[in-house]
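4 protein chains.
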Amino acid sequence: MFDEVMREDKLSEECGVIGVYAPGKDVAHITYFGLYALQHRGQESAGIAVANDGKINLYKGMGLVADVFNEDVLKDLDGFAAIGHVRYSTTGSSEIVNAQPLVFRHKSGMLGLAHNGNITNVSVLRDMLYSHGAIFQSTTDSEVLVNLIAHHSRRDIESGIKKAMIDIEGAYSLTILTTDALYAVRDPYGFRPLCIGKMDDGWVIASESCALDTIGAKLVRDVEPGEIIRIDESGLVSIAPSENAKRRAFCVFEYIYFARPDSIIDGFHVNQVRREMGRQLAREFKVDADIVIPVPDSGTAAARGYAQQSGIPFEEGLMKNRYIGRTFIQPNQKMRDLAVRLKLNPMREVLAGKRVIMVDDSLVRGTTSKKIVQMLRDVGVKEVYLCLSSPPVVGSCYYGIDTSNRKELIAATKSSVEEICKEVGADKLYYLSLKGLLNVFGKSSKDFCSACFDRKYPIPVYDVNKFSLE
Amino acid sequence: MFDEVMREDKLSEECGVIGVYAPGKDVAHITYFGLYALQHRGQESAGIAVANDGKINLYKGMGLVADVFNEDVLKDLDGFAAIGHVRYSTTGSSEIVNAQPLVFRHKSGMLGLAHNGNITNVSVLRDMLYSHGAIFQSTTDSEVLVNLIAHHSRRDIESGIKKAMIDIEGAYSLTILTTDALYAVRDPYGFRPLCIGKMDDGWVIASESCALDTIGAKLVRDVEPGEIIRIDESGLVSIAPSENAKRRAFCVFEYIYFARPDSIIDGFHVNQVRREMGRQLAREFKVDADIVIPVPDSGTAAARGYAQQSGIPFEEGLMKNRYIGRTFIQPNQKMRDLAVRLKLNPMREVLAGKRVIMVDDSLVRGTTSKKIVQMLRDVGVKEVYLCLSSPPVVGSCYYGIDTSNRKELIAATKSSVEEICKEVGADKLYYLSLKGLLNVFGKSSKDFCSACFDRKYPIPVYDVNKFSLE
Amino acid sequence: MFDEVMREDKLSEECGVIGVYAPGKDVAHITYFGLYALQHRGQESAGIAVANDGKINLYKGMGLVADVFNEDVLKDLDGFAAIGHVRYSTTGSSEIVNAQPLVFRHKSGMLGLAHNGNITNVSVLRDMLYSHGAIFQSTTDSEVLVNLIAHHSRRDIESGIKKAMIDIEGAYSLTILTTDALYAVRDPYGFRPLCIGKMDDGWVIASESCALDTIGAKLVRDVEPGEIIRIDESGLVSIAPSENAKRRAFCVFEYIYFARPDSIIDGFHVNQVRREMGRQLAREFKVDADIVIPVPDSGTAAARGYAQQSGIPFEEGLMKNRYIGRTFIQPNQKMRDLAVRLKLNPMREVLAGKRVIMVDDSLVRGTTSKKIVQMLRDVGVKEVYLCLSSPPVVGSCYYGIDTSNRKELIAATKSSVEEICKEVGADKLYYLSLKGLLNVFGKSSKDFCSACFDRKYPIPVYDVNKFSLE
Amino acid sequence: MFDEVMREDKLSEECGVIGVYAPGKDVAHITYFGLYALQHRGQESAGIAVANDGKINLYKGMGLVADVFNEDVLKDLDGFAAIGHVRYSTTGSSEIVNAQPLVFRHKSGMLGLAHNGNITNVSVLRDMLYSHGAIFQSTTDSEVLVNLIAHHSRRDIESGIKKAMIDIEGAYSLTILTTDALYAVRDPYGFRPLCIGKMDDGWVIASESCALDTIGAKLVRDVEPGEIIRIDESGLVSIAPSENAKRRAFCVFEYIYFARPDSIIDGFHVNQVRREMGRQLAREFKVDADIVIPVPDSGTAAARGYAQQSGIPFEEGLMKNRYIGRTFIQPNQKMRDLAVRLKLNPMREVLAGKRVIMVDDSLVRGTTSKKIVQMLRDVGVKEVYLCLSSPPVVGSCYYGIDTSNRKELIAATKSSVEEICKEVGADKLYYLSLKGLLNVFGKSSKDFCSACFDRKYPIPVYDVNKFSLE
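Residue numbers (this note's numbering), protein chains in the order written: chain A, 146 to 615; chain C, 146 to 615; chain Z, 146 to 615; chain H, 146 to 615.
Simulated from the structure, these hints should not be mistaken for laboratory data.
Certain hints may be false.
Identical chains share a label here; the pair holds if one copy fits it or two copies do between them.
Lysine-lysine pairs mimicking BS3-like chemistry, simulated, CA-CA at most 25 Å apart [stated by the list, open to error]: (1) 515 - 363; (2) 601 - 591; (3) 573 - 205; (4) 516 - 527; (5) 200 - 363; (6) 591 - 567; (7) 516 - 363; (8) 308 - 363; (9) 431 - 580; (10) 307 - 363; (11) 573 - 170; (12) 307 - 567; (13) 573 - 527; (14) 465 - 343; (15) 588 - 559; (16) 588 - 200; (17) 170 - 516; (18) 363 - 527; (19) 567 - 343; (20) 567 - 516; (21) 307 - 515.
So that you can see chain A by itself, here it is in the shape it has in the complex:
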């Protein structure tokens, strides 16, 4: 259950990016609507940069897309192309200096960049740039990226991007804006998603296809791992990748939790994948029960798949308060149990006297699940079987989903599934098998990164401490 209230426990550095090329149309509004659709990928800051008349104008701020922008701001962002960014961070350093897009002036003009992912050799790159006299205002890997591209762009920006890709290791899906063109770049492993959409008289690049749907654009295809796309007045062209990946490494966690269910990523419908994970759960874990309920919203699709496969009726046993904001006053110790009740309310008339299969996508610290199990028992549930549509998280992610607080992960601190089950108070606990998970993707299963479950890292991470940028 990686839901809003839980977010502060684990995830960070997720982002969403977008790029719009549509001369004559209202690119700032289109970008705004696209960011709205990508809001789930980052709620801390939002920004839009627009190219017009040889200049790039930028507006960014802390908070949700709807809070940062208003009609006056958007009207001022006139132009033929735009890039946008939403950012999330768990760290205390939620500062405007870290918000994106980054816009800067270099030798031959202006350039804007929006980045989703994590550069793994950032320390090496930063030291190299330092030795050439570079300075940095923030601690983000994105500012290093920007300096690296500028460093290599003394001839032109395209050769700069190509050369930078030779230096960079890690995960990156980028939209880049110049005063002439819009670029889209995806790292050679394809860790983070990035897709191409076609509008009447224009193009859209976005982290997820749900943004295309909102804008009214049609999904054309994904940006290929290692590919560079350029869009300008002569249309969209693919520039040959500077390097070919040895393997693909699509992030499996995007499908389990992070992406929106109505997106199609690298050819797979997220919602269908989730439902199939639930079906696979039902094949692996057979138990006699009365109803299947999800932990909304993160467990809904998998629960539906479980019910479908098992024939056990699906019910909405937990009602979610749709007005829970991202932030609410932390109650004092005495009342902390109320926090979960604020968000979820068990439906006694549905649950009382039943044996219940409760499906969620994953288990983080386990404290929320423990409270939910207790709430179920309080309304008279007889048996609680907790099923998770992913294996235990045992490894940190260095490619854009921050799971660095491993000490807090219940799967890393308890020695067995039985112990976890006991801790959360369930009668039974079942994790989807890694094999079962990957089989959902058929013969493509080898194209996915599942390092957080099996510690098989596609890119070696020599020095984890280097990630501590501050």
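For chain A, the structure is supplied; the task is to place chains C, Z and H on it using the hints.
What follows is chains C, Z and H alone, placed relative to chain A:
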């Protein structure tokens, strides 16, 4: 479909009220959590008043509960009892002067009041009070209520409430706070809900039982129509109603749309009622189709009931963006169609080539439904059958749900269901019958007000123009 | 020295009022500029009410006039007449509920009121109104005033004002706005100032004539004690006072400190009065010194008068930081001495080696003066003679200048002038004599209230505790 | 008259800088108080950077010092040394990205910089840095400065500063903070002021000595033109200047208008210099008049000098509203004349029937003076002689006081003093002679830059258009 984006079209003056009596406990925090659970009843303003040491302290502001209050404010609101209020209004006059609770000093002390409902003879009462020299700072019926109670309270507050109830006509569920006690009052018809909960060492009064669940209180019973409840150091007592209603007139619209699905109101589970409405829809309207989909979230329960009764599979065909706030920038005319896409995204892989029964709770202006129908066709839906779990709205409500903009109601402007169907572009359109709707409540069906569907007003409304308070 | 930084020590409940009648002109802007000129009379809140088309619209907020209003707000305040108010309060209860103007609906329409002064029999009046069922939302005497006028206005508003004046005891200068006319009212003693100005095609009423100058209006005369002025489409008329005062009691403290130096009040130029006080000081206190310096800005005029009379050169020995706002971060204990230095800087080249006469208007707690004296000694001043252009404050004011914290007044806690002199560290200390102060006004001297210096209260104050409204 | 209301007409890019080295003391508070004293040098943005424990923390924001900082912010800024900055700009580009101090990470650590002045060869420097791959986020010359120092600091920061000074042309007074030390740098001409103060256990560097007074530090001496000062745990040392100026070029406009009167700059008391300018005016321009009045506050000191020298009595004929903020609502055209009245009120009793010498420091567009002259005539002044304590401004300043809008300068658009006199409506108009102005400084007069009066630029400005940074 009376959902957030749609709110500005129709509903107004809905409110949620709460009262907490719990000496020694943190009543402000408890009230805050309760208001959080009632947030769906009003998002324009929020307020809490707390009684302590012979005084009543008040804090209120514009916006959501989470925005109005912070930890420092709640800490300052120390006391043995509290009342709270959330308010919604469509009118431009969203001013702090209209926010509640109202707190005032009268002859024998201080008094706070939170009101949900509409007084129908407010002009008569105001004129009567004017003739005694009263003055008013706002145009709300609640300020009239407060003056009327003060006018009658020269002996004591309880006799003041009783006398006021003889004068007042209309809908009112009240929580009232004095420096000694907490009162709960419900009008003799019981238009608006109000229920009683028990905590360890304390009592809670709330508009809906979902607030009790959040707080961890147990639902004891509803406040009876015409009843006055007093809670003080000697416990909870029911003071005999000053007047008995000729009939009960529970608002049926609370069950159709307004209340939270996890509430139990006057003995009925809201979610079960909604699902039963869907089942009744299926009994009344039989059609050959491939799937049943809801317009989330307002149509979800009824859609599930329809699917269950008809045997046609339930699917989530429209994915909702969970980050849509109440307000977002209105796009310019050219892009207005995007507004619905921001909120709902049709799932092509679920819908393409299907005959679809789409269930919603009601139809307001029809413009949103029209756009959704078009979106369904765009992804390849073959047939769209739009089913509504309520009859056409043909009458204004004068008891707390503002449907005064009748000219905008599609059911009031089109001469037939066929015409409406054509307007929204569906292949078929079906409204639940009034008889079918009321049958859901069994033999209690005569206890409900359905004036918005049949114009049978429990309390005569002599002069509608008097409602125009400004 | 009653200056900004010091304000929090002593003064409260000062206010400034204005009224503008000018059909066809931009009354909101005119009122705004007038309030700007009266800003020194109150910095806590500001408000403007405008009459138009049978209604009165109100806008008020916490803070300075320039912070509360912007162009959009003023544009919305269209009308033929307006009243405005600025308010200051030392109490913690600086809440919007206490801000003025007060606007209310009564039997025959709407009414707005702005009040400067203090009602001394407010408890008696409130009890009387309570017994008629009145309720109050604030603890201000102004709300009592408003209810009293409404109570008496069942026939018409003018007879209501007249009857209310029979009941009310205390100090009040009022501007009152109806949907037809603008009224100006001054209490029978004339404690607080109020004057009449003529514009092209319009009239202005204001606390001080400096507001007329700013607007470009010409001072016609003062509103007479006990007078009621009505301005409407038939022009300005004086309604006979309902009661004649036994004596006049103009506040002498307005001239000493509170009013702006460029105002003319009840026939006296404030700046000239202050300079004459300085001359009288020089006649009373002769000392051999090198220079005369003021404590800016409150002591400047008197210092100039002293220099002129004595022939000792005037110098600016203390330079004032013009950017000191009303609020600045209170330094921690260790650095508290810096607070005075932030505001005033002694000019070593002017002061070193000199015997200095330092003139201020009055002495409150003495702590600031003590620090200034020390600063003078630090830059090498040989002798410091502190002269005050008013007698010691020994009595509280119940008529609109709050001096209730008598325990903090150095003149009330020290037994002799010598002791005070020792406390502040001066070589000599001299207070202007009361006789000398009043002689400045010539044969009008008996028309002034000097109760804060001699405890001769024009209106008996039976029960001081009744002033504690909360 | 270069006063607040007038500011938007002419001046820009003025700044104030400060540096504090005081281990164990509350450096953030000390810096805050110092910035408060320098507030007149910039009101657009304010910032403080603090070095502590190998890091530099920064806080900056738009607005006045008192608005940007609060106690919580200052508490978080713990450290052994700090730098601070206030900035003013007339351009529309008042953005946070331009606020200072600038803090950045370079090869060997972190560095903070606060800059007052203007670099004249910024284009050349930026191009040089571009060719090394540098990028810029703002258009300020200060960011170029920072990159240049970093570029040269690959060995160490001190050699970096020295090398950068060889490259840089123009005006700069800097405070620089590293994680070990505080540096002060002044350009070889000494255009902008910078002085050194001693506290108990600490040192202060500030633009003006008034900041030292506020903090309680003693003025030691000015930083010499071309000098670099280092302060660290081994105390204060002067590092030999990397280049010696051919001549000094202290800005004479600091003395005429910009600096605070209680500052001592390069050995001259500002207030005494201003008074002497007034005396010189009286020697040059003899006229028969009744009184001398200043335009407060900018003309006060010179008016006093004029009165002293001429023997004509000094009077305060214009009363200034002390509550005029920097911003107020611009009245519509019809009411624009009120703007001056808001700020200044002529004292009829002082002025009527008199021949008046009105002294101001300088004349910008002349529109305000024209209104003041008219106001004087309206209250009955017989003759108005306008005297200015500086020569006509005929040249732009490229060294830190922006007078680029020459087209608006009345002295640049009118062909003779007579024409200007006629335009402002005075009976006579007199400008102080340049010779008379410079003679005030005695034999040091050749050490001053007076390019704005005589176009003799100490540093050649090859290409003025290069100043257009955006």
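List of violated hint numbers, smallest to largest: 3, 5, 6, 8, 10, 11, 12, 15, 16, 19 and 21
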